[in-house]
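Sequences listed follow chains A and B, in order.
Heads up, my numbering is the position in the first sequence plus 2, with the first residue counted as 1.
Heads up, my numbering is the position in the second sequence plus 2, with the first residue counted as 1.
There's no promise every hint is true.
[To be verified] From the structure, some residues in chain A lie toward chain B, with a derived Cβ separation under 8 Å:
| id | residue |
| --- | --- |
| 1 | T107 |
| 2 | S170 |
| 3 | E217 |
| 4 | V245 |
| 5 | S281 |
| 6 | M282 |
| 7 | L342 |
| 8 | E345 |
| 9 | S346 |
| 10 | N347 |
| 11 | I348 |
| 12 | G356 |
| 13 | A360 |
| 14 | Q419 |
| 15 | S553 |
| 16 | R650 |
Think of the hints as simulated: they come from the structure by calculation, not from any bench.
Think of the CB as a built atom: it goes at the ideal place given N, C-alpha and C, for glycine as much as any other residue.
The residues making up each chain are set out below.
Protein chains: 2
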Amino acid sequence: MTALSSFFNPRSTAIVGASRAPEKIGNVIVKNMISSGYTGKIYPVNPKEEEIEGLKCYPSVERTPEPAELAVLSVPASRTIEMAEMCGRCGVHNLIVITAGFKETGKEGLEMERALLEICRKYKMRLLGPNCVGLMDTHSPINASFAAGFPLKGEIAFISQSGAMVLSILDWSFQAGLGFSKFVSLGNKADLTESHFIEDAAEDPYTKVILCYIEDVENGSHFLDVARRASQKKPVIILKSGVSQAGAQAASSHTGALAGSDVAYETAFRQSGVIRAGSMPELFDLAVAFASQPIPGGEHVAIITNSGGPGIVATDNIEQKGLKMARFTRETIEALRSRLPSESNIYNPVDVLGDAKADRYFYSMDKILADPGVDCAVVMVCPAAVTEPLETAGAMIEMKKKYPEKPLFAALMGGAQLTEGAELLSKAHIPCFTFPEPAITSISGMVKYGRRSEMSSQPGPLKYNDVDPKTIKATFYDVKKDNRLVLLGSEAVEVASAYGIPSAPTALTVSPEEAAKQAEQMGYPVVLKIASPKIMHKTDVGGVKIGLSSSEEVRQGFIEIMDNVHRYLPRVVLHGVEVQKMMPKGVELIIGMTRDVQFGPLIAFGLGGIYVNLLKDVSFRLAHGLTNGEIESMLMETKAYTLLRGYRGEKPADISSIIEMIGRVAVLVTDFPEITEIDINPVFAYTQGASALDVKITIS
Amino acid sequence: MTALSSFFNPRSTAIVGASRAPEKIGNVIVKNMISSGYTGKIYPVNPKEEEIEGLKCYPSVERTPEPAELAVLSVPASRTIEMAEMCGRCGVHNLIVITAGFKETGKEGLEMERALLEICRKYKMRLLGPNCVGLMDTHSPINASFAAGFPLKGEIAFISQSGAMVLSILDWSFQAGLGFSKFVSLGNKADLTESHFIEDAAEDPYTKVILCYIEDVENGSHFLDVARRASQKKPVIILKSGVSQAGAQAASSHTGALAGSDVAYETAFRQSGVIRAGSMPELFDLAVAFASQPIPGGEHVAIITNSGGPGIVATDNIEQKGLKMARFTRETIEALRSRLPSESNIYNPVDVLGDAKADRYFYSMDKILADPGVDCAVVMVCPAAVTEPLETAGAMIEMKKKYPEKPLFAALMGGAQLTEGAELLSKAHIPCFTFPEPAITSISGMVKYGRRSEMSSQPGPLKYNDVDPKTIKATFYDVKKDNRLVLLGSEAVEVASAYGIPSAPTALTVSPEEAAKQAEQMGYPVVLKIASPKIMHKTDVGGVKIGLSSSEEVRQGFIEIMDNVHRYLPRVVLHGVEVQKMMPKGVELIIGMTRDVQFGPLIAFGLGGIYVNLLKDVSFRLAHGLTNGEIESMLMETKAYTLLRGYRGEKPADISSIIEMIGRVAVLVTDFPEITEIDINPVFAYTQGASALDVKITIS
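Given the sequences, and given the hints that come with them, work out the whole structure.
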């Protein structure tokens with residue numbers, strides 16, 4: 003029993019707006035309910051009819067023999083509110099609103115949708131839709147939708163934000179012979195969202211693979227929790243569209259500019275273990291693979307082919323997809339050598355030659371699948387004169403039984419000569435393609451999923467006990483009082499230091515004497531910078547002096563900077579001059595944060611310095627649920643990591659202090675949601691420790 | 003008439019090794035020749051038979067009524083040489099050797115293949131194979147192969163290095179309904195190669211698209227010439243496998259290490275206008291697109307759909323593939339607004355809504371295809387209740403007639419409900435897919451081809467009149483006499499300067515006094531570097547002094563360097579100390595050259611400095627046929643280009659002098675094939691001019 007069980011398995015279902023006219027949705031739904039084999043009570047509701055499709059028809063939902071557990075509404079939009087209210091009053095648990103004309107049509111529709119949701123809240127009804135196709139479950143069974151047909155029974159749950167996608171995939175699935183456990187059309191997601199149905203499908207014993215098409219996520223943090231938990235139980239594969247709607251994000255920071263609009267989704271999927279499909283064909287190839295094959299134990303693929311060329315094509319593709327060609331043990335090689343013709347290639351890709359009949363495939367597969375270095379195999383068949391496609395397919399099926407833990411894929415490269423073999427394989431649930439590439443893409447997705455499952459056993463979220471929120475609150479108080487959103491450098495350093503982020507000592511000074519005094523305290527050399535959040539490029543206006551090494555130079559520098567800036571920008575408010583201790587050079591990095599509307603703080607790490615936007619060597623993670631292991635993997639995705647490990651004979655930098663610095667930034671921005679952006683650029687990494695040189699913090 | 007016409011259209015064909023036994027290749031070929039409708043004479047040759055498949059059989063190729071123009075040999079490998087000799091003696095023009103057991107089996111086979119080729123040369127016979135399936139032409143017609151069947155007539159020539167690929171694709175093509183003009187199985191390519199058949203297909207009036215599968219190219223420069231000319235006439239699409247056979251290339255230089263094994267092919271294809279397919283499905287999708295649709299005038303795609311979600315998926319894919327969504331004119335938008343329902347999306351992607359019948363598609367397509375801002379369109383149909391797939395397909399066919407210059411693709415997203423429509427479209431040669439992505443990949447390939455065709459009208463190859471080969475010959479003479487392969491820095495600068503490549507003045511000196519004298523002549527400051535080709539990292543052994551600004555400092559520096567290096571590396575031969583004028587800092591670049599086995603000099607350009615291998619911001623071009631336009635496009639592919647144009651307020655660098663520098667390097671390495679590698683790193687680019695700071699040249 004899941005929280006949404008009563009949607010898929012209601013004792014009774016009212017169809018409000020049921021109709022006798024076959025072209026009406028209200029008629030299709032009644033027919034679908036009947037033909038699905040639904041075992042609960044069906045109550046068609048329509049005040050003008052006595053009977054629909056052989057069932058007694060009721061004038062209103064209040065007049066059914068018992069309150070229906072589920073009501074499917076297919077009435078004009080203008081009457082939906084009234085009908086929903088009536089359902090609520092008489093004790094309906096769940097609503098599916100098929101009717102369109104809500105949020106998707108504009109302001110009035112949105113108001114109507116809000117009213118509908120309020121009614122559901124009032125009566126504690128859960129709502130699917132409005133503006134949806136409905137839902138189907140082949141195991142309960144139920145077809146509370148107006149789709150043309152009912153899917154084959156299977157183990158794939160398909161949850162779709164697009165109703166048309168449901169209709170398309172259903173129609174396509176009959177031809178492809180693909181079975182489903184559930185189809186859910188989410189519609190406008192006024193109440194129940196992808197997260198709810200992913201959570202439900204994760205609990206559903208009849209569902210092995212969760213497939214989603216979405217255009218956006220309703221509640222980022224709910225989604226992350228649900229997706230993370232679901233992915234640990236079974237694969238969640240998502241096609242997320244809307245990637246190209248760029249520019250939604252304000253980009254006043256480096257980090258913001260680098261993140262773009264799709265990075266948060268990409269990161270959210272990766273961190274929660276979701277497999278992202280790159281296209282519609284890939285979505286369904288992955289579904290078939292996950293539904294029919296076990297997760298491979300590793301990334302080592304064996305290729306068995308009766309032709310060299312296609313074998314090389316497959317080998318290329320394996321490397322392109324980040325997989326590895328399996329290396330056989332000596333026993334396997336000897337076994338192959340002893341029985342295959344001498345012209346065969348007995349190393350991977352194994353070429354059993356064009357004159358191979360089924361027995362040669364059988365023998366080779368048997369030896370290769372037994373090899374501990376082989377995690378999965380792709381068997382390729384070209385139609386040569388003596389090829390036995392049907393018998394070879396039979397051999398594959400036997401092998402599948404003998405080695406159930408090793409995923410097996412077929413590429414039958416041809417047409418009519420191989421059709422029977424392909425059909426046999428499909429029936430035996432061995433994924434079969436015309437060309438090898440889709441098989442290898444599928445394996446790649448499965449291997450990724452396997453790796454992530456391993457990752458999930460890592461230590462819990464970050465926590466530091468030496469943080470000082472009080473100092474930060476005080477600083478923010480002052481900044482807000484000053485009507486600013488951007489912190490001065492000295493304030494930003496104070497905030498960073500309060501959370502244990504090591505920064506170059508920095509002080510705001512308002513006179514040459516004060517500057518000199520601060521410099522004396524820090525020790526020379528020092529840097530002077532004009533303090534004004536309005537000035538972006540301080541060097542260009544003569545606002546920076548570096549390498550000052552006496553109190554006299556500092557006093558003089560203060561005066562010159564003030565003069566310069568006054569001359570360039572006479573109207574800009576200046577807060578004084580910042581004195582900063584000049585730090586030794588280290589590996590130049592950037593650590594930053596931008597806040598995503600859906601998923602919250604998005605942390606960036608990469609090569610720093612003035613070329614950060616040019617080089618774009620940056621990786622991202624969400625602060626939500628971040629672990630040290632994730633931070634380490636984040637580092638490893640960048641070229642900066644190569645520098646940190648010691649490039650061209652340099653000593654390695656103190657990577658653990660960089661990991662800690664990123665972790666502390668993540669905790670800081672989680673504790674203070676008013677921080678909208680952070681850019682720490684550069685951070686200098688040393689052989690021991692690290693230091694933030696320039697910290698920019700923006701609050702809201 | 004092409005050079006190979008007599009292969010595809012011989013007056014008479016002898017089949018040597020013809021057989022009566024149906025399981026023998028020698029029987030299949032005779033049957034294939036007869037059933038293809040071949041109109042020339044067929045002479046089966048077999049001393050043991052009187053008659054084969056109703057044709058008179060001859061005891062030897064010398065006994066046929068006339069010398070056969072073409073002989074197809076299917077006899078044991080051991081008898082092939084003898085039979086070929088006999089064919090040559092009696093005046094056969096062309097040989098197809100089906101027989102395997104040659105180069106592919108090892109050393110003995112290779113010798114036999116050489117002997118076979120010698121015989122062909124002796125008698126001026128051309129040879130296809132050995133170890134091939136044969137060839138087919140649907141227009142002449144002829145089927146001189148042992149393939150099971152004969153392709154449908156069409157306009158695609160398929161040239162394949164893999165025989166199995168020929169059999170696979172032939173079988174698959176019947177099911178896909180795809181027609182071909184020719185199939186050529188290249189086999190071992192002992193004589194005729196992909197280049198010969200690409201050249202032939204480019205001339206063939208019945209061929210519209212040239213499709214190749216290759217694993218390697220036999221003669222790089224012949225291939226480049228042929229492919230470039232062929233691509234100007236019709237699309238040449240190549241699937242090149244063997245990408246993953248890395249490490250073949252020696253990598254003693256930066257440039258060599260960056261190039262990897264596939265870069266030369268990638269570059270050769272791009273520079274010669276070949277479209278490279280990324281996978282087998284893509285190869286055939288592209289073939290269908292090019293064969294049936296005109297080349298789009300630009301990159302602007304319109305999407306017409308009856309469902310929002312799939313429309314967004316297609317929009318994403320268009321941006322991912324580097325295409326653009328078309329923007330409609332005001333007239334188009336008004337026309338759509340005036341007739342489509344108010345909830346429709348009248349901007350691209352156009353959503354005609356789920357209740358659209360064929361007439362709404364018809365109207366929308368008519369307006370959209372007429373829009374001058376639309377270069378091509380993808381029409382998507384989801385199976386909603388009222389959808390009219392067949393009529394919508396009919397509307398597409400009418401539009402195709404009305405707007406023949408605009409490519410049109412269909413994505414019928416579903417199964418049985420849309421099958422009839424899909425069949426209608428296929429018959430009308432409108433490419434039809436289940437999902438939109440393959441259509442968009444095809445459009446992307448066509449747009450690339452269109453762009454390259456435009457590029458081909460550029461000025462001819464590079465030429466400089468102020469070069470001084472004599473100095474270089476003299477230098478190489480000395481270096482070779484000294485038994486070295488690596489030039490000293492001063493020698494390399496001399497070579498570069500002789501070809502007009504601006505370099506920092508550099509002189510080799512052997513005493514402190516000589517060094518001081520050279521420094522005086524150059525002007526201060528100068529840099530001193532130990533001169534020894536054996537020392538890779540000169541700084542590490544105390545072999546470099548920078549910023550010396552008086553003769554005293556230079557003298558002292560000379561002595562210290564020699565002392566340091568003697569201490570670190572007492573046994574290394576030192577040539578002295580190089581004095582180099584210290585140049586002002588500029589944008590740091592690398593220009594390099596590595597020599598590819600097949601395609602000759604491969605020129606590299608990118609971000610220079612010590613991080614060149616880390617940043618990998620490098621683009622490549624072959625020196626063969628290089629133009630200034632190509633060099634410019636090479637620059638534009640890199641991040642270095644962004645720096646050169648003036649990054650973050652910097653003044654732009656002198657891009658034309660960088661282009662010239664690359665051009666001069668290309669001419670230098672073409673004129674002197676003994677140069678195996680060049681690394682110029684860094685090159686400093688200035689607002690005026692540029693300068694090579696460190697030139698490394700290796701010769702053979």
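Against chain B, run the beta carbon of S553 of chain A and see if the smallest gap drops under 8 Å.
-> 29 Å, violated
Take the shortest C-beta to C-beta distance between E345 of chain A and chain B; is it under 8 Å? With a closest approach of 6 Å, the E345 of chain A hint holds.
| message | Would the hint on S346 of chain A be counted as holding, given a Cβ-Cβ threshold of 8 Å to chain B? | response | 12 Å, violated
_A closest beta-carbon separation below 8 Å is what the hint needs, so does S281 of chain A meet it against chain B?_
4 Å, holds
Check your understanding: Any CB of chain B closer than 8 Å to the CB of E217 of chain A?
Key -> 6 Å, holds
- prompt: Given M282 of chain A was flagged as interface, is its beta-carbon under 8 Å from a beta-carbon of chain B?
  reply: 4 Å, holds
_Interface hint for G356 of chain A, Cβ within 8 Å of any Cβ on chain B_ = 6 Å, holds
Going by Cβ atoms only, is I348 of chain A closer than 8 Å to chain B?
15 Å, violated
| Status of the Q419 of chain A interface restraint (C-beta, 8 Å, chain B) | 5 Å, holds
message = Holds or violated: the hint that T107 of chain A contacts chain B, with Cβ atoms closer than 8 Å.
response = Cβ of T107 of chain A sits 6 Å from chain B, so the hint holds.
When the least beta-carbon distance from V245 of chain A to chain B is tested against 8 Å, hint result
Cβ of V245 of chain A sits 4 Å from chain B, so the hint holds.
### Query
Should the interface hint for S170 of chain A be scored as holding, given a Cβ-Cβ cut-off of 8 Å against chain B?
This hint holds: S170 of chain A lies near chain B, its Cβ roughly 4 Å from the closest one there, short of 8 Å.
Hints 7, 9, 10, 11, 13 and 15, counting from the list given before, are not met by this structure.
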